[in-house]
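Using the hints provided, position chain B relative to the given structure of chain A.
Order-wise, the sequence lines are chains A and B. Position one of the first sequence corresponds to residue 1 (the numbering used here), numbered consecutively onward. Position one of the second sequence corresponds to residue 1 (the numbering used here), numbered consecutively onward.
Heads up, none of these hints are tricks.
Computed Cβ-Cβ distance ranges for the label pairs, DEER-style:
| # | chain 1 | residue 1 | chain 2 | residue 2 | range |
| --- | --- | --- | --- | --- | --- |
| 1 | B | Leu69 | A | Arg89 | 19 to 25 Å |
| 2 | A | Asn98 | B | Asp80 | 16 to 22 Å |
| 3 | A | Arg101 | B | His106 | 35 to 41 Å |
| 4 | B | Thr24 | A | Ile83 | 17 to 23 Å |
| 5 | B | Ala103 | A | Ile83 | 34 to 40 Å |
| 6 | A | Thr91 | B | Glu135 | 47 to 53 Å |
| 7 | A | Ala3 | B | Asp80 | 40 to 46 Å |
| 8 | B | Phe143 | A | Leu99 | 34 to 40 Å |
Keep in mind that the hints were calculated from the coordinates and are not lab data. The model shown is predicted, which means the values in this text are computed figures rather than measured ones. Glycine included, every Cβ here is placed at the ideal spot set by N, Cα and C.
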Amino acid sequence: MTAVSINWYLILGAILFTIGAVGVIVRRNVIVIFMSIELMLNAVNLVFVALSRQLHIMDGQIVVFFVMTVAAAEAAVGLAIIISVFRNRETLNADELNLLRW
Amino acid sequence: MSPLLFCILGAVLIASAFGVVLSTSPIRSALSLIVTLFFIAVEFLFLDAQLVAALQIVVYAGAIMVLFLFVIMLLNLQDDPQALAKLPLRAAGGCLGGLFLLAALHFFVKPGVGAGTGINTAVPDTFGSTETLGEMLFTHYLFAFEITSVLLLVAIIGAVVLAKKNLT
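Just chain A, same shape as in the assembly:
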């Protein structure tokens, strides 16, 4: 029986990243766009951990640790912005949010 090689993980990561990227483009709800971004971050995390295992270097796992921290900070601030915008505009549709346009 053959074992799984690194390519499989790279391809799985690429597929997950693509699903997330397409989600950012095709969805209109800001929160779902946000969740698609989290999906992309996780696809990259998967590739980092797989390559860290392939090369027997643990630095990849450290990077994942920092990505998680940044994702947590990003989620907190991003959701605060979403709440604040929803209070003013009563919508979460990305097509109708044009506060920054002039």
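Relative to the frame of chain A, chain B by itself:
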């Protein structure tokens, strides 16, 4: 990991990722995302990254997704039948995604890429353990680790300020 197990895990991962993007209700998207994050943690376990897998479940599937669900429920979001963008944008998104995937596969399915068998050879017991990771964090990555605390502080203050005051 055996190919069969990998394929099962991968199929679940891809299906739940599609669930995030395609379901019309935000709550269902969030629940699908929790499933995705959980199974990515399972993949981490198979890759000898125990601490990262635990952190993935506690921080991501736990804390961050609770925040998401909390906001969705706070804003009382309902099913949106027009959840997807207009047709031209949808087509453009699909085309772009397909192109990107083709480009990625073009680079990853080359004979040389998976040549090393490092992913299947044994690693020392300390690989991925809390002790080793912590030691690296507090020696080589000490500065980045300390800066992280500033980032989290900024995020806390920013979130409080943004959620409190009204945009005009």
